[in-house]
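Respectively, the protein sequence lines represent chains F and L.
Here the first sequence is numbered in our numbering, starting from 1 and rising by one per residue.
Here the second sequence is numbered in our numbering, starting from 1001 and rising by one per residue.
Derived from the structure by calculation, the hints contain no laboratory data.
In this text, all values refer to a predicted model and were calculated from it rather than measured experimentally.
Any given hint could be a false lead.
As the list claims (entries may be wrong) - Pairwise CB distance ranges, derived in the manner of DEER restraints:
hint: 1; chain 1: F; residue 1: L439; chain 2: L; residue 2: V1168; range: 35 to 43 Å
hint: 2; chain 1: L; residue 1: D1119; chain 2: F; residue 2: R372; range: 35 to 43 Å
hint: 3; chain 1: L; residue 1: R1114; chain 2: F; residue 2: R373; range: 50 to 58 Å
hint: 4; chain 1: L; residue 1: E1162; chain 2: F; residue 2: V399; range: 51 to 59 Å
hint: 5; chain 1: L; residue 1: D1324; chain 2: F; residue 2: M428; range: 20 to 28 Å
hint: 6; chain 1: L; residue 1: L1042; chain 2: F; residue 2: E479; range: 29 to 37 Å
hint: 7; chain 1: L; residue 1: S1036; chain 2: F; residue 2: M428; range: 53 to 61 Å
hint: 8; chain 1: L; residue 1: C1033; chain 2: F; residue 2: P429; range: 52 to 60 Å
hint: 9; chain 1: L; residue 1: R1245; chain 2: F; residue 2: M428; range: 39 to 47 Å
hint: 10; chain 1: F; residue 1: D515; chain 2: L; residue 2: L1042; range: 51 to 59 Å
hint: 11; chain 1: L; residue 1: T1348; chain 2: F; residue 2: P429; range: 50 to 58 Å
Stated by the list, open to error - Coverage of chain L stretches by chain F, computed from C-beta distances (three or more under 8 Å per stretch; other residues unrestricted):
hint: 12; region: 1041-1053
hint: 13; region: 1274-1288
hint: 14; region: 1299-1305
As the list claims (entries may be wrong) - If we take Cβ atoms under 10 Å as the criterion, some of the chain F residues that face chain L in the derived model are:
hint: 15; residue: Y261
hint: 16; residue: E276
hint: 17; residue: L380
hint: 18; residue: G384
hint: 19; residue: L388
hint: 20; residue: E426
hint: 21; residue: F469
We treat Cβ as the ideally placed atom computed from N, Cα and C, and that holds for glycine.
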Amino acid sequence: MRRFLISLAIVAAAAGSAAADEVPGFALVVGSNAPGPGQERLVWAEDDAREVAELLEELGGFEKGRVTLVVRPSASKLMAEVAALEARVRAATADGKPARVVFYYSGHARANALSLGAEEVALAMLRERLLAVPATLTVVVLDACQSGAFSRTKGVEPAADFSFNSRSRLDAQGVAVLASSTDSELSQESDFLRSSYFTHHLLVGLRGAADDNGDGRVSLDEAYRYTYHHTLTATAATAVGSQHVSVEVDLKGQGEIPLSYPQKATTTITLPAAAEGQVLVERLPARAVVAEVHKAKGTTLAIAVAPGRYQVMVRGATRLLRCSAAPGRTPVTVVLDDCASEALVDATAKGGGAGLGPRWHVSAIAGLGAGRRDGYIDRLEDFGYRRLGPVSPQLGVHVGRRPHPNLLVGGELMLIGGGEWRRDTEAMPLRLKADTVALGAFGRAETPHGRIVLYGQLGAGLALGMTTFIDEVGASTKETFPGIYGAAALGMDFWIVRSWGLTLRLTGSYAPAIDNLLGDQHDGGLITVGLGAVNRR
Amino acid sequence: MRTRVPMVAIALACGGATQCGQIIDDRGFDLWCGESLCTWVLEKGEIAPAATWHPGDRGVELLGDDTAISQMTPVEASDGTCVRFTLVADVAEDAEVRLQMDVFGDGSAETDERIPTSDWRKLTYLVRMPDDYSGVRFRIAKRGTGRAVLANIGAEIAGDAECTTPAVAVSRPDGAFCAVDADCASGQCYEWPGEWKDVCGGCDADDDCPGGELCTIGGPAPGWLAVPSVCVPPGAHANGLRCLRDAECASGRCVAGVCGECREAADCGGAACLPATAVAPARCDRGRGAGATCFTGADCDSGVCSGAPLTGCDGRLDRVCDVDADCPGELADPDLHSCATVGFAGGTCQ
C-alpha cells in the first residue's frame, strides 16, 4: 500500500518567520483508506488526515474555516476541492497580500498517480493545479508509497542532504514538498502507533518534540530532520524495511519557516522509575501524539504537557501498558498497576502489496452436510436399519496465526455429527447414534480481494468416533474409537469491519474411526456447507 | 351356519395379514422368552442369542447338530403371491442350514433352499406362491455342528414382477380353497355351503361317506383354513356342535345350524324352549337348581354348570376349536382372537 502524506508548513515571504504568523493560510487536507485494484484497505490514513487538520488549526496558525478536510474523495471531488482552494486563495490575494497554502494527502498512490479507490489522479496534474494556486508559499506533504515521485515528475532539484544545507538554501517563497518515502520505497502504517510512521513522527515533532532550539516554534528544517531520523529508525526494524523521508524545495528568500507553534506546557505527566520501554503520550479524545520518548528503568521521567486527558502507552519487550492520565493544574504520576496490559501486536507493514496484517485469526463455523456410504452403512442397512434424516450437523473452531500475508496455520477442533440409525422391533426400536470429534492442525492459503478473502485449506489430525447404541429395552451402550482424520476446504471470508467478518466454507472431511464387530469401518467425515464468524487481531 | 371370516377383514391397519408388508414377526430375533424366542417355535434342538455387528443387536444361534425353528404366518393370496425372503446369516462351512416354506402349514414343505456358507452376507430368496393360498409356515433347520447364526430375517410381499419362477406346486390339505379335485391332497374339491369358494374336504354328499355315515361340517381346523367336511355316523354330534341336518345330532334336532335339545316347547314336556344363539344351543328351561340341565353357569342358580366343555373360537359356536391357532385371525392378531370355552355339553347345574 502507498499513502501520500503531505504535511504542510507554509511560511510567509522575505519578511521572515514573524511575518509568516500573520500570513493567512489555507489548507486542503485529504485522507483516504480506500484501496484501488490489488491494494489493501488502509487503516489509519483518514485518521491521520483528521489529526493533521486539527494540528493546523491548533498549532499551525490556521484559522477555523480555512482548513478543509476531505475524506475518501473521488477524483473529481478532489480536483474540485483544489479548484475551490485556488478560488479562496485568489480572493484573499486579490489585493496583493501574501498567502500560504498547504496540501496534505494521506492515502494510496502508484508511481504517477494518487489512488482514490477505483479512480486515480495523476501526480503531474495535481502538481500543476497546486502550483497554479496563487499562494506565496505552498507546502505539499504526501504520505504514500513512492511519494518522492511527486517532485521528481517536475524535475525539481532534490535536496540531497537537507539537514545540512537547508538553512543556507532555504527561501521564504515557493514550494516545499515533504514526502514520506523516496520514489522507490514503500510507506508503512503501524497498528501500534495507530498511524503511519511518517505522519506520527511529523505530528510529534510539530507538537514540540522537534523544537531543537527551544524557541517554541518548530521550523520546516527542524520538522524534517526530526521526522527523517525517527521514521528511518522506526521502520528499519519492520518487515517492509527502511523508509527515508524525502524533501524537495523550490524556495526563495531567507529565514526559518515555522510550521507550528506548540503550546507552552503548563503541567507534567511523570512516569515512575519502574517504567521501562518506549513511551507514547496521546492527548484525548483526538489521540494526538504529544510525546514519544524512550524511558529507562530506574529513574522517573516527567513529560511536559498542557492540561487535559491523556493516554500513556509504555511498550516493553513483550507487553504494552495503556495508562490514563489527566493532569490539571497539578502534575500526575502514572501508576503502572492501574494500567491495562496487553501482548504486543506487530506493526502492520504498509506498501505496494499486502502486509502481514493482523496475525491471529479465529473462526467458528456451523454447517450441514451428508456423509458417504461405506461398508459400515451397508451393514447397518443389511441388518434392517434406516437412517433418520438426510443431513448431519458439523461444528468447527479454528485458531490460526499468520506467518506470511497469504498463509495461515493453526489448530482446529471439529464436531462432526454422524446421524442416527434405527431398526424397529416388536418392542422398542434399536438405535445407533454416531458422532466424531476431530482435533488437529490446518494450513490455509489465502488470496485477498478487498474485503473478500478466498482461501483453500487442508487439515489433519486425530479423530475420536463415539457411538451410543440403545437396545430394545432402552439400555444404552457407549463406545469410543480412536482414529485419524483429514479435511480439505474451500472458503471465503468477508470482512464486515476490520476485525470481524463472516466466513462461508465448503468442507470435505475423512475420519475413518468407528468400527463394528464384523470388521467394517465407518468414515465419520462429511461434505458440508458451513457459515460462521471470523475474528482477526 | 358355518362361516369363515376372511383373514383380510381382521388384518392390521396396513391391510392384509401382513404388518405393512412384513410377514414374519420379530424378524430381528429381539424377543426372548427365557431361553426361547417368543414368536418362533423351537421345534427341536437348542438356540441361544448371539452378537452380530454389535453386542446389543443379537441374532439367534442354532446350537447342536439338529435344530429347527419355525413360525406360522397368516399371509394369504389377497396379500400377494410374490414373497421376498431375506436374512443375514453367518453360516460355517460344516453347518447345513435350510430354509423351508410350508404353504398351508400342513406339515409338508413346498420349498427347501440350502442357505450357503456365509460371512454375515445378506441373502434374498424370491418365491412365487400359488394364486390361492392361505398361511405359510417358515422353517429354518440346521444339521451339523458348525456355527450358524441368523439375524434380521424378513419375509415380505414383493411386486409380482419380481418373481419370475413358476409358482410352487402345492398339494392342498383339507380346508384349503380349491378349483379342481387335482388341487387337493384328498383328491376331493367340493362346493361347500357357506363358503365363497370350493374347499378341499372329505366329502361332498352322504354318498361320499361309507356305511350310512353323514357328510357334515367337520371339527377343529387351523385358523388359516376353512373347516373341511367330514363323514360322521348318525347322531354323532352332541348339543352345541354344528350341524346341517337333524340326523347328525344326538338329540335329533339341528336348530339354527347347531345341535340342540328342542325346537319348540312341546319338545320340552311343558318347559320353555330357550332359542339357539351364537353362544348357546336351543335347550329346555328345566329350572336353575342343582341337577337341572344347563349349558353355562348362567343357567344355574349356583352359577356353576359342569359337563364336557365345548370350546369355540372367540367364545362362539360357529367354529369349534382346540387351540387358539384354530381360530381365524389369531395369527395376525392374537389379542383379538382365541379359543375359549363356550359351554358344557350335557351340563348339569351344581
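Against the structure, the hints come out as follows:
1. L439(F) / V1168(L): 35 to 43 Å: For L439(F) and V1168(L) the Cβ distance comes to about 59 Å; the hint is violated.
2. D1119(L) / R372(F): 35 to 43 Å: Since D1119(L) and R372(F) have Cβ atoms about 24 Å apart, the given range 35 to 43 Å is violated.
3. R1114(L) / R373(F): 50 to 58 Å: violated, 31 Å
4. E1162(L) / V399(F): 51 to 59 Å: holds, 56 Å
5. D1324(L) / M428(F): 20 to 28 Å: holds, 26 Å
6. L1042(L) / E479(F): 29 to 37 Å: holds, 32 Å
7. S1036(L) / M428(F): 53 to 61 Å: Given about 21 Å between the Cβ atoms, the range is violated.
8. C1033(L) / P429(F): 52 to 60 Å: Distance hint for C1033(L), P429(F) is violated at roughly 20 Å.
9. R1245(L) / M428(F): 39 to 47 Å: Because 55 Å falls outside the window, the suggested range is violated.
10. D515(F) / L1042(L): 51 to 59 Å: violated, 33 Å
11. T1348(L) / P429(F): 50 to 58 Å: For T1348(L) and P429(F) the Cβ distance comes to about 54 Å; the hint holds.
12. 1041-1053: Result for this restraint: holds, n = 3.
13. 1274-1288: violated (count 0)
14. 1299-1305: violated (count 0)
15. Y261: Status violated, d = 86 Å.
16. E276: Violated - the Cβ of E276(F) stays beyond 10 Å from chain L, reaching only about 66 Å at its closest.
17. L380: holds, 7 Å
18. G384: Holds, about 5 Å.
19. L388: With a minimum Cβ separation of about 17 Å from chain L (threshold 10 Å), the hint on L388(F) is violated.
20. E426: Status holds, d = 5 Å.
21. F469: holds, 5 Å
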